[in-house]
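Take a look at the letters that make up each chain.
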Amino acid sequence: MARAMTFYSTTVGKKVVMAATGVLLVLFLIGHMLGNLQIFIGAERLNAYAHFLKSTGELLWGVRIVMLAAILLHILAAVQITLANWKARPVGYAMKKDIETGYAARTMIVSGPLILLYVIYHLMMFTFLQTPQGLSDTDVYGNVVKAFQQPGISAVYIVAMLVLGFHLYHGIWSMLQTLGINHPKLNRLRRIASAVLAILLAAGYISIPVSVLLGIVH
Amino acid sequence: MKLTLKIWRQESPTDRGRLVSYDMPDAAEDMSFLELLDILNQRLIKKGERPVAFDHDCREGICGSCGFMISGVAHGPQKLTTTCQLFMRQFKDGDTIVAEPFRSRAFPVIKDLVVDRSALDKIVQAGGFISARTGSGPDGNAIPISKKNADLSMDAAACIGCGACVAACPNGSAMLFTAAKISHLGLLPQGQPERKQRALRMVTKMQELGFGACSNHGECEAVCPKGISIDFIARLNRDYMVASALETMEPVKKV
Ligand code: HEM
Ligand code: SF4
Ligand code: FES
Chain Y
1 MARAMTFYST TVGKKVVMAA TGVLLVLFLI GHMLGNLQIF IGAERLNAYA HFLKSTGELL
61 WGVRIVMLAA ILLHILAAVQ ITLANWKARP VGYAMKKDIE TGYAARTMIV SGPLILLYVI
121 YHLMMFTFLQ TPQGLSDTDV YGNVVKAFQQ PGISAVYIVA MLVLGFHLYH GIWSMLQTLG
181 INHPKLNRLR RIASAVLAIL LAAGYISIPV SVLLGIVH
Chain V
1 MKLTLKIWRQ ESPTDRGRLV SYDMPDAAED MSFLELLDIL NQRLIKKGER PVAFDHDCRE
61 GICGSCGFMI SGVAHGPQKL TTTCQLFMRQ FKDGDTIVAE PFRSRAFPVI KDLVVDRSAL
121 DKIVQAGGFI SARTGSGPDG NAIPISKKNA DLSMDAAACI GCGACVAACP NGSAMLFTAA
181 KISHLGLLPQ GQPERKQRAL RMVTKMQELG FGACSNHGEC EAVCPKGISI DFIARLNRDY
241 MVASALETME PVKKV
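Protein chains in written order, with our numbering: chain Y, 1 to 218; chain V, 1 to 255.
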């Protein structure tokens, strides 16, 4: 325990925690997206899948608790690291050029909290059904269609997924680097793979509200 | 060529400091940046003003003494080049150039463009050493080292400790410097006995000195005059994770 605390006390330890929780979160995002895309197979398939998830009982709660712990740890480390980084340069430059870094990397502390707000909104709507639309407990397919037929709700989801894509565009490659997963021959590939996965995830999720709006899914 | 210099002037560590403009109507393309400052200083001295303070020693790009921000880039616009080796042919007639000190909580400004970079020495003191047998040197090739590791270690050892990586990093992080020092020793057989303690001690020291974290922006590698690769940062992360799992940090034994 003492060793774990010492590990976490340094910025490198905190970043490793962020990256490790990042791995869990990204794996969840991939699984969740594949699950959701079953909406294109049809109502029965999606509802059966939702029923199956609920029927796993303890296992579902196990996954929920792990994901909650991961996101809380990720946020704790993110906030501590960001504050430490701001303190590390008390006097700024009159002129400073960015050469290598980009917009996504510079705005992790903006995209992160936006994702958090979205996650809360999303859970309130589809998991706790705390929205005025009168969503059903069993007809997940119907809920999704009903919600996304309202352009306002679809817009929130689409924007949120673009923000997520930005977070992951820098996040996935950064996570590999933080965990020391590198090889001189594969380093360029790491950046490309990160961008591809970020785009696939964002596009996969966005395809659902867009398809509902276009009437492809109804 | 005609240049305008905007230079950070700060009397003392507690002075607030400000940018002051100086016209240099007779700069020549073959002058180094430091030579341009030498000429400016001659003029200031003749006028009875205080010359601009800046660090320098070898003026051939190998000692790591020189360095400040030149128009927003540590060591200026030319890649793989220290400030002393930057020549005015990198600029155009009529350019305005801003010169500011490296900024980081761990690098307090002493005067003008001079900052105190002893924090980097403290990181090395914390763990950048090996326990070597004293006496006559060992026979050449007595300890076999693979070509790959010898080359990589040499790449890391090229770090001259200039601090540009810290200055360029949006987080004021010293990860590239520390990673270079940890890798330079950790890639050689002689560096193995203390390898884990070294990672724990140097990373902890870096933290204590108030350097920021690595967000993998890559700005450090882009300005490093010695081309130190951020691959070494991944190596530092690996060494630190393994060391944390296997050992508890011990204080350095004084002998
Ligand atoms: C689905 C949710 C999320 C996923 C998949 C995710 C994923 C990631 C990944 C993979 C990284 C890179 C880690 C590394 O370089 O070691 C990262 C970094 C970061 N995350 Fe998240 N994240 C999520 C939510 C959040 C939230 C809610 C915050 C709110 C504070 C946040 C703030 C940050 C920050 C500030 C960084 C950059 C830290 C740095 O390197 O300076 N993230 N995220
Ligand atoms: S890593 Fe490069 S930029 Fe950083 S101190 Fe060493 S030589 Fe200078
Ligand atoms: S003065 Fe020695 S490196 Fe520039």
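Note that these hints are calculated values from the structure, not bench results. Remember, it's a predicted structure, so these values are computed and weren't measured experimentally. It is possible that some hints are incorrect.
No farther apart than 16 Å at their CA atoms in a straight line, the calculated lysine to aspartate or glutamate pairs in the EDC-like style are these [as the list claims (entries may be wrong)]:
(1) Y:K185 <-> V:D23
(2) Y:K87 <-> V:E208
(3) V:K79 <-> Y:D137
(4) V:K92 <-> V:D38
(5) V:K79 <-> Y:E44
(6) Y:K97 <-> V:E221
Going down the list of hints, with the structure as the test:
1. Y:K185 <-> V:D23: Answer violated: K185 of chain Y to D23 of chain V is near 48 Å, above 16 Å.
2. Y:K87 <-> V:E208: The hint holds at about 13 Å.
3. V:K79 <-> Y:D137: 61 Å, violated
4. V:K92 <-> V:D38: Cα-Cα ~20 Å, so violated.
5. V:K79 <-> Y:E44: 60 Å, violated
6. Y:K97 <-> V:E221: 14 Å, holds
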